[in-house]
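Visitor: Residues per chain, in single letters:
There are 4 protein chains.
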Amino acid sequence: MPVHVLSYDTAHPGDTSDLLQNLARFDPLQIRRLALLVKTDGNSDLNDFSRSYGLQSAGLAIEQFGGGVLLERSTFLFSSGCEGAMTPFGQLFVDVADAEAPASHDSALVFGCARSRQLTGDEIGTLVHADLVTQTVQGAMADAGVTEADVSLVIVKTPVMSRVPATARQAVNKRITSAYSKAVAALGAGVALAEVERAQIKPETFDADPTLHARRAMVFSGNEVDYVEVLLLANRAGAAGDLYVQTGSMRDLLDASGLRRMFVAAGCRINADGEVEDGERVVATLVKAGATSDGRVRGRRTTIKSSHIDMDKHVRAAVSGVLGSVLGDTRAFISANTVHQAPPGGGLCACVVRRSATE
Amino acid sequence: MPVHVLSYDTAHPGDTSDLLQNLARFDPLQIRRLALLVKTDGNSDLNDFSRSYGLQSAGLAIEQFGGGVLLERSTFLFSSGCEGAMTPFGQLFVDVADAEAPASHDSALVFGCARSRQLTGDEIGTLVHADLVTQTVQGAMADAGVTEADVSLVIVKTPVMSRVPATARQAVNKRITSAYSKAVAALGAGVALAEVERAQIKPETFDADPTLHARRAMVFSGNEVDYVEVLLLANRAGAAGDLYVQTGSMRDLLDASGLRRMFVAAGCRINADGEVEDGERVVATLVKAGATSDGRVRGRRTTIKSSHIDMDKHVRAAVSGVLGSVLGDTRAFISANTVHQAPPGGGLCACVVRRSATE
Amino acid sequence: MPVHVLSYDTAHPGDTSDLLQNLARFDPLQIRRLALLVKTDGNSDLNDFSRSYGLQSAGLAIEQFGGGVLLERSTFLFSSGCEGAMTPFGQLFVDVADAEAPASHDSALVFGCARSRQLTGDEIGTLVHADLVTQTVQGAMADAGVTEADVSLVIVKTPVMSRVPATARQAVNKRITSAYSKAVAALGAGVALAEVERAQIKPETFDADPTLHARRAMVFSGNEVDYVEVLLLANRAGAAGDLYVQTGSMRDLLDASGLRRMFVAAGCRINADGEVEDGERVVATLVKAGATSDGRVRGRRTTIKSSHIDMDKHVRAAVSGVLGSVLGDTRAFISANTVHQAPPGGGLCACVVRRSATE
Amino acid sequence: MPVHVLSYDTAHPGDTSDLLQNLARFDPLQIRRLALLVKTDGNSDLNDFSRSYGLQSAGLAIEQFGGGVLLERSTFLFSSGCEGAMTPFGQLFVDVADAEAPASHDSALVFGCARSRQLTGDEIGTLVHADLVTQTVQGAMADAGVTEADVSLVIVKTPVMSRVPATARQAVNKRITSAYSKAVAALGAGVALAEVERAQIKPETFDADPTLHARRAMVFSGNEVDYVEVLLLANRAGAAGDLYVQTGSMRDLLDASGLRRMFVAAGCRINADGEVEDGERVVATLVKAGATSDGRVRGRRTTIKSSHIDMDKHVRAAVSGVLGSVLGDTRAFISANTVHQAPPGGGLCACVVRRSATE
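Protein chains in written order, with our numbering: chain A, 35 to 393; chain B, 35 to 393; chain C, 35 to 393; chain D, 35 to 393.
These aren't lab readings, by the way, just hints derived from the structure by calculation.
Warning: the hint list may mix true and false statements.
Any copy, or any two copies together, can satisfy a pair, since identical chains are not distinguished.
Stated by the list, open to error - Below, a list of computed lysine to any residue pairs in the SDA-like style, where the Cα atoms sit at most 20 Å apart:
1. K236 <-> R107
2. K339 <-> A95
3. K236 <-> A183
4. K339 <-> N257
5. K339 <-> T160
6. K236 <-> L161
As the structure is a computational prediction, the values presented were derived from the model and not from experiment.
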């Protein structure tokens, strides 16, 4: 079951022409599982409908290509916010049933997907939510045929509250709950990965204890879903294919060295200018970076938390510069807010690379 | 006349406490000339009053420190927009009359300042405006005691139109004129620096001919001034002091290598991680970067020119990441829009460094 | 052929549940023509995809209800921007073939629709564009079976340029062209309505001559269409049905009296508090209001043209208060920018009312 | 001691030319007390420095006019946000010592001012804060020489937290505290006015119990102050002068009738168009309006609480239309957020009118 990872461009969130062109390489009947990880160019605010629009458009395209049968085997994770030097694009993961594909020398990339049942508004941000994330991650591990030790990265989409809460008091709580939603999902994923103990997940630790965090989870939220959806990347011994996933970490949002270490660990070369030399082998890069609680970077004041622009936008734009200058490519899945996914101000990164120089 | 270049922090645009502390090192009567180059944290939009507020506050502080006499010898250039990993701060340039200061081995940093007469609204964006910039740059060269060949960087503040034009038709023109204002100022500065021929400055080339640009000018605009103001940095043979200014260029906004080349040319060391190793010797860094006309970076679509966020904010934030990851410091004067100051999509950079390892 | 005009709510731009419930009242085979006029709640900026998302969703809903046959008979005009006290909603126009419907005593509401061929980017903002609008309005008159004298209101959707122009110079032109697009469409509609002479449409009058404007046209633009689309409302003698359309005008954006005059002319009563007393008879209200060229209202400075918020948002929000306080309802189709559709600072309004007190 | 209430225009927040012209009518030595109530045109966001800039500029102007002695007798309340059809302007209150001024027939406008000590960050949003507001309102009553029953309106400026809290957990709390700050101030003012019982002020009721609210208090917050400042308006029996203050209420933000009732109660005439006929007698109008907890208006969804634009901006802009269409003037002090100052969704309004038709 060799896995293919492709990038496709979008002229706007509803554009699926390049997606369809990439899909045309495959026989829909041979696709065991398909996943889309997409950055859309909406305003990342309450009235951003780019994710919903992209989701609906991608669903229509996949159905057109492979019918309802393929649609059922597909997983979608849309995230908006492409500030700075970032390209809105999609990352297409295809797992093809290919009996003739040779097993890899050692281990190779596999991915797994799972979706939870729908959550009610009251469940979001509670321990029920955390447990559902844990179970969904476990489901994705089963789907990928891996154990927790094989996992490199878990990408979790988690619902946030509907837009209009019933009372002002609730409004305050829901804001907290909105932050809680990601925190809870991160901790629930951490339990599935044996990085966080179930007993540590208590309402009073959500968004409060900076030492408590998962190490291989990136969590996204959005009001376009009311369920938990997981895309899990792992290297599995004996899997077919030439791809490999490598995880790394960033000390802060300026930590280009952390990114370089990840690429080196993945087998890439860094040239004298500090850039990845064999960038054509990198088929996917994902970064999640955050701000410190006071918005300071390297000890100095910034406007990350004190401007009319949401802090996540400052972070994504700055990191697009850092990563872009290292990788030389603007098609990277960069997102912000690392609550319970990294130490405060730090970040998590991952890349998928081709072992051989040419495909 | 050794020149001192200091950085000071601000808690907000009206905060001058750290400026006053830095000024306290000097005897106001010995200050030949003083210049402030300040990044304020306003929203960089039509209702951004952070520059005006900072200007008024700094004027009050300087007057408090050195009276109206010192205020008359002072030059102020305020620019707003500190997106991403950028610290709002001020760069204080002080030229002290010190008979005992030894002449430098070779050349050392000097600066010169000049201000034009007030422009009328009708003059802004015209050849009159361009010629006034040329003359003001020449005045700053005379003030610094240098010729055009010595100049490393000319920082020009130029007025834009008042906020409410009289008619819809004018509104359209004034928007053009607003772009023209910077273009005109850049070309006017280019004439003074012998980089642009006076005959090339024609209305039809403003913002239209990408090959026509100054090479050592950074231009800022703002509705808080109705005159042209210039701060000029040069290395002058035999000047006293230990500081040196170095100019460089960036190919595009991700060009960390261009920044490293500038630091190396200024005598700094780059470590294995691609970072400036002796950053404590760097006393000032200035970058002006721009976007290509279609907003693409390395050939790929971005949202720089197609989002609710102004393109300059995307550029500043991304560059704050690129420079911050190279320099390891967030106190840098980063700005955007390089119309007629660099090739489209490219940038201009400069740094002031201390020759000796310790002050 | 009695015409039905219904309002439906949306929980978000992709929500068609209430639309489908309203459609369920009709037999799709009996529908001669269907039109949707929808306000979506996007950010009204370059990265607002709410119109595209709403358009895609409504198309899917109509197809689900009446198949491709009904979809071909349907016209869609989406406009975003629901600032202030405005409800995002849709106005559904249905023209039902009903042989038994009695002819009205005098005249009754009819509507007509038409769509132009696709425009190329080069054509937008040119005389070709204006002529296409004229022809499309004429097509809509034919569709409604009316002559120019019967027409009460022409609603025109017109394309604007794609988001990323090729060069900086073009960027400037395209901004002009974007304003031109509406201006051109308004003047082209004015020709069809015998309000503007074809010879008056010259590039130099676009957005320049405030005395030149249509009197019964509301123009909307959006990058989700590359054709001109027209929905035309008229009262036709002998038409079946109980509905009537009335046009009015506003002197400026605070002109509640202008709105009251329109409602009175349409047969409504105004109570002692200045409110429409029989608002249940009003089935649709449309307002298009603009700002003066200097942004002043009643002679005083406002921030309509000098803030970080686009002028159209200021106008829509303020007018939502004026109309809402008169009509007592927040479901009204309020939009801004009246270039060549009204005198500068003035506005155009219309309402559809039921002649009898109960349906 | 006749009180004068004048309006002055500003070209920008730092413009005091019209203020100085208005002040020139008075002898500074005769001024017992001076107050400025100013709307500035900043972006009303974390990086809005228009209030600070206006405050600094006004202080410099008053000092220039009347020296430090007059400055000490002056009170400043700056509020930003002039969305919609609102004019940025200042309302100047001057209490002149004039032995010859005849006592009024019945009662006439007086005002009183008071300022608290500085609050620490830890005190903001606590009962200490509430009690300080109570005491400051009592101080303003004493200053005006009135008892609680005479008071028509108390305008309270209250500090909010500094911009960068120390930890993420605090960030959440501080957001609550920021809402609490106004809530606490409103309730503290309510105690001084005998509208709220001291025992009812408990952390759990802040922003939670909608039935608990003051009836004559408008509260403003801003990070430009670290103390509580109060301007109190009252009608005092036997006071000199021709001015009178009248308070009213709005049922919701579209309630033009509530505004008309207030003007009628103040002795104004409403014409057949529902407009104030003798608007020249109205020297000041103040409105504070709020949104319901779910953002609905007249039962229908709006985007007030679900867009990229802060809800207060939606409210201010819509109310500027409602009031402007009734009063025919755009110089009104309109603000939003009525937490504990009115029932949810309702508003408080007040006007100062001249009893005689001509001054």
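Visitor: Next step is simple, just say for each hint if it's right about the structure.
Guide: Verification of the hints:
Taking the closest pair of Cα atoms, K236 and R107 never come within 20 Å of each other, the shortest separation being 34 Å inside a single copy and 54 Å across copies. Proximity of K339 to A95 under the C-alpha cut-off of 20 Å is found in neither arrangement, the shortest distances being 39 Å within a copy and 28 Å between copies. In this assembly of identical chains, K236 and A183 lie within 20 Å of each other by CA distance neither inside one copy nor across copies; the values are 25 Å within and 51 Å between. Proximity of K339 to N257 under the C-alpha cut-off of 20 Å is restricted to the inter-copy arrangement: shortest distance 15 Å between copies versus 23 Å within a copy.
Taking the closest pair of Cα atoms, K339 and T160 never come within 20 Å of each other, the shortest separation being 27 Å inside a single copy and 24 Å across copies. In this assembly of identical chains, K236 and L161 lie within 20 Å of each other by CA distance solely inside one copy; the values are 8 Å within and 30 Å between copies.
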